[in-house]
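If you read the protein sequences in the order shown, they are chains A and B. Heads up: the first sequence begins at 6 in the working numbering, then just goes up one per residue. Heads up: the second sequence begins at 541 in the working numbering, then just goes up one per residue.
Source of the hints: derived by calculation from the structure; they are not laboratory data. Among these hints, one or two may not hold up.
Stretch by stretch, here's where chain A covers chain B in the computed footprint (C-beta under 8 angstroms, at least three residues) [stated by the list, open to error]:
#, stretch
1, 617 to 631
2, 688 to 702
3, 756 to 767
4, 774 to 787
5, 872 to 882
Capping the alpha-carbon separation at 25 angstroms, the derived lysine-lysine pairs in DSS-like fashion look like this [as the list claims (entries may be wrong)]:
#, chain 1, residue 1, chain 2, residue 2
6, A, K33, B, K710
7, B, K616, A, K33
8, A, K179, A, K33
9, A, K235, B, K648
10, B, K772, B, K712
11, B, K772, A, K33
Note that the coordinates shown come from a computational prediction; the quantities given were computed from them, not determined experimentally. Just so you know, even glycine gets a beta-carbon here, dropped at the ideal spot from N, CA and C.
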Amino acid sequence: MSIATVDKPTADGPPRRAITNQRNASDKRFRAVVTAGAMFAFVVLALIASFLLFRGFEVFKEFGFGFLTSSTWDAGSGESLEGASFGVAAMLVGSVIVALMAMILALPFVIGTSLFLEYYIGKKLRAVLVSILDLMAAIPSIIYGLWGYLVLMPYAAGWAETINKYFGWIPIFKVDVENFDASPFISALVLGLMIIPIASSVTREVYSRAPQDQISAAYALGGSRWGALKAVVLPFGRSGLIGGMLLGLGRALGETVAVLLTLNLVFEVKFQVLASAGGNVASLIASRIGEAGPSEIKALMAAGLVLFTLTLLVNFGASIIVSRTSKVAQ
Amino acid sequence: MSDTSTSSIMQEVQPRKPWVNRGQSVRDMVRPTVVAGVVASVVVLLTGLAGLLGFYFAFVLSFIVVSFVDGMRHDKVKAVDKVMTTLVTAGFATAFIPWASILFTVFKRGASAIYFGYFTHDMAYTAGDDDLGMGGLSHALVGSLLILLIASVIAIPFGIVTALYITEVKGKLSGLVRVIVQSMSGVPSIVAGLFVYAVVVSRYSFSGFAGAISLAILMLPTVARTSEEVLKLVPDDLRSSAYALGASQMATTFRIVLPTARSGLITASMLGLARVAGETAPLILTAYYSAVYSLKVTGQPLASLPMYIFQNFSTGTDTALTRAWGGAAVLLSFIFILFIIARLAGRGSRK
Chain A
6 MSIATVDKPT ADGPPRRAIT NQRNASDKRF RAVVTAGAMF AFVVLALIAS FLLFRGFEVF
66 KEFGFGFLTS STWDAGSGES LEGASFGVAA MLVGSVIVAL MAMILALPFV IGTSLFLEYY
126 IGKKLRAVLV SILDLMAAIP SIIYGLWGYL VLMPYAAGWA ETINKYFGWI PIFKVDVENF
186 DASPFISALV LGLMIIPIAS SVTREVYSRA PQDQISAAYA LGGSRWGALK AVVLPFGRSG
246 LIGGMLLGLG RALGETVAVL LTLNLVFEVK FQVLASAGGN VASLIASRIG EAGPSEIKAL
306 MAAGLVLFTL TLLVNFGASI IVSRTSKVAQ
Chain B
541 MSDTSTSSIM QEVQPRKPWV NRGQSVRDMV RPTVVAGVVA SVVVLLTGLA GLLGFYFAFV
601 LSFIVVSFVD GMRHDKVKAV DKVMTTLVTA GFATAFIPWA SILFTVFKRG ASAIYFGYFT
661 HDMAYTAGDD DLGMGGLSHA LVGSLLILLI ASVIAIPFGI VTALYITEVK GKLSGLVRVI
721 VQSMSGVPSI VAGLFVYAVV VSRYSFSGFA GAISLAILML PTVARTSEEV LKLVPDDLRS
781 SAYALGASQM ATTFRIVLPT ARSGLITASM LGLARVAGET APLILTAYYS AVYSLKVTGQ
841 PLASLPMYIF QNFSTGTDTA LTRAWGGAAV LLSFIFILFI IARLAGRGSR K
């Protein structure tokens, strides 16, 4: 029956639709709903920033710029900011030191992993190894922390002692007390391990887009494999490498638990990376919030805002660099 | 679209890759490997380097020297190439040592905590430092599942809608939304926890629901970005055909685009879940921890696997640490299962 109506349209059938390039009401409604849904991410981000600012505002007002330059963390009476003194300088410096060290330690391995996966092995093996790498990126930070504290630390403290023995004359490798446990060095080792898969997935992606004709040309001129990589792939992928490392840096700056488990928090700006003392904003928040009074919570909110801003800037820089490279590559 | 056919032709005419490793070079590797192995053994015997790590270190160093000498039989270019091949391979292989150690330790030490009742008991009547063979992590497992379920209910729809905005609506703000999602994926997990602490916990109490919100914030960008990649793969021909048949954009999206991308969207959701399943920092501030089995997600703290590990780590005695490893083994297996589901679903979409 329905076939008959299709074959012979009758007068009372559906009216012929007007041909138009305007969107009809249903489409407009759909687009409005989807657009509203997509704004969710924006709203959440704005809410995070405004709530942290709202709750931490008093602290910024009370201590001003001193919140960033002082290192004392004294809750005073705990009820009000009167008599209390808060500053995140030591934590902030500590965060940056640990994250930068993690980057330096990870860099050769990121380059090695990316080059190896793209230019030294076949397609099938690459697929397998890439999924293993993805899996490694999914290992939770608490497991990295657990392993870092219980398995790595005995070894790493020994390495730190050796470094200190031979390079102790360099100021950053000096230690005042011979205790090499829970140092920024060990946290950086763990964080470095965590960012290798993250950074190398970005870097590998960019390396794989290196112009094939130029690589072939390098071979045609009698270059070796390394010659081709050095002349074509590495210069081409430089900004991809920087972008990937910055993404890793953002991750390392905001990492909490792996650092909390492997670093001894001390409220003092220190540059001795092998000594058992360091700072970290994220770990500070996680370790203090349990017993914090009202005034300290405000200070922790302010510290959270500082961390949020810092990682946002780093990630923003990273995504700009990465997107610029992918445009060039296309 | 003609996209797929073009790419398959491109593959056919692609130049060969003479640098890809073939059997020949594998055979070439045997001799330097043996020589370097012998040299490394001698070095280990002569110097203070100890253990497997010491041997590996000596092996890589002697391999570099051996490959240089081997290459010099041709010329310097060849020698440098060989040394760099060794360095690149070592850079890759060295990164795998700690990962292998992590997996090995987690499952080996975790195994001694796991017994038959481990999945059916909670820690209500057992302290972390009690003997193994008592208590378990049923509370943490169920708590984690509840928190992840609520987080998915929030994050997956919003993540997919965000992706739909970029691929289907193609609105003016697409670029901005992509940047926002990118920035959101960089939000430190502790900050997400702090935000929920300020909004929910400080007003009401620690709860599984608060934990779920903080995880949803962290999950959304992963779901959105992966979904976007997947939806982009849906051929435009399908959309045009639907429009040509008079379908509205909503019908096209729900009946054509989303079903086509279904398995990819499952992959996106699983990757999002895997990303947050092990998050600990936000849960310290939101769901906290309880030793008792409970299905209540509001008004009281709720246990989770990461917090179970964290608590037992904090207790710090030998048996508690073993329990922590046991929790780590369960958590890691759970994440690997999510990954395998994601992989299998992804394979389905490619066919």
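Hint check:
1. 617 to 631: holds (count 11)
2. 688 to 702: Check passed, 4 qualifying residues.
3. 756 to 767: Coverage by chain A holds for the stretch 756 to 767 of chain B (4 residues, Cβ < 8 angstroms).
4. 774 to 787: With 1 residues close enough to chain A, the hint is violated.
5. 872 to 882: Coverage by chain A holds here, the residue count being 4 at a Cβ distance below 8 angstroms.
6. A:K33 x B:K710: 13 angstroms, holds
7. B:K616 x A:K33: 68 angstroms, violated
8. A:K179 x A:K33: 67 angstroms, violated
9. A:K235 x B:K648: Judged against 25 angstroms, a Cα distance of about 42 angstroms means the pair is violated.
10. B:K772 x B:K712: Judged against 25 angstroms, a Cα distance of about 17 angstroms means the pair holds.
11. B:K772 x A:K33: With Cα atoms ~22 angstroms apart, B:K772 and A:K33 stay inside 25 angstroms; holds.
Hints 4, 7, 8, 9 from the earlier list are contradicted by this structure; the remaining hints agree with it.
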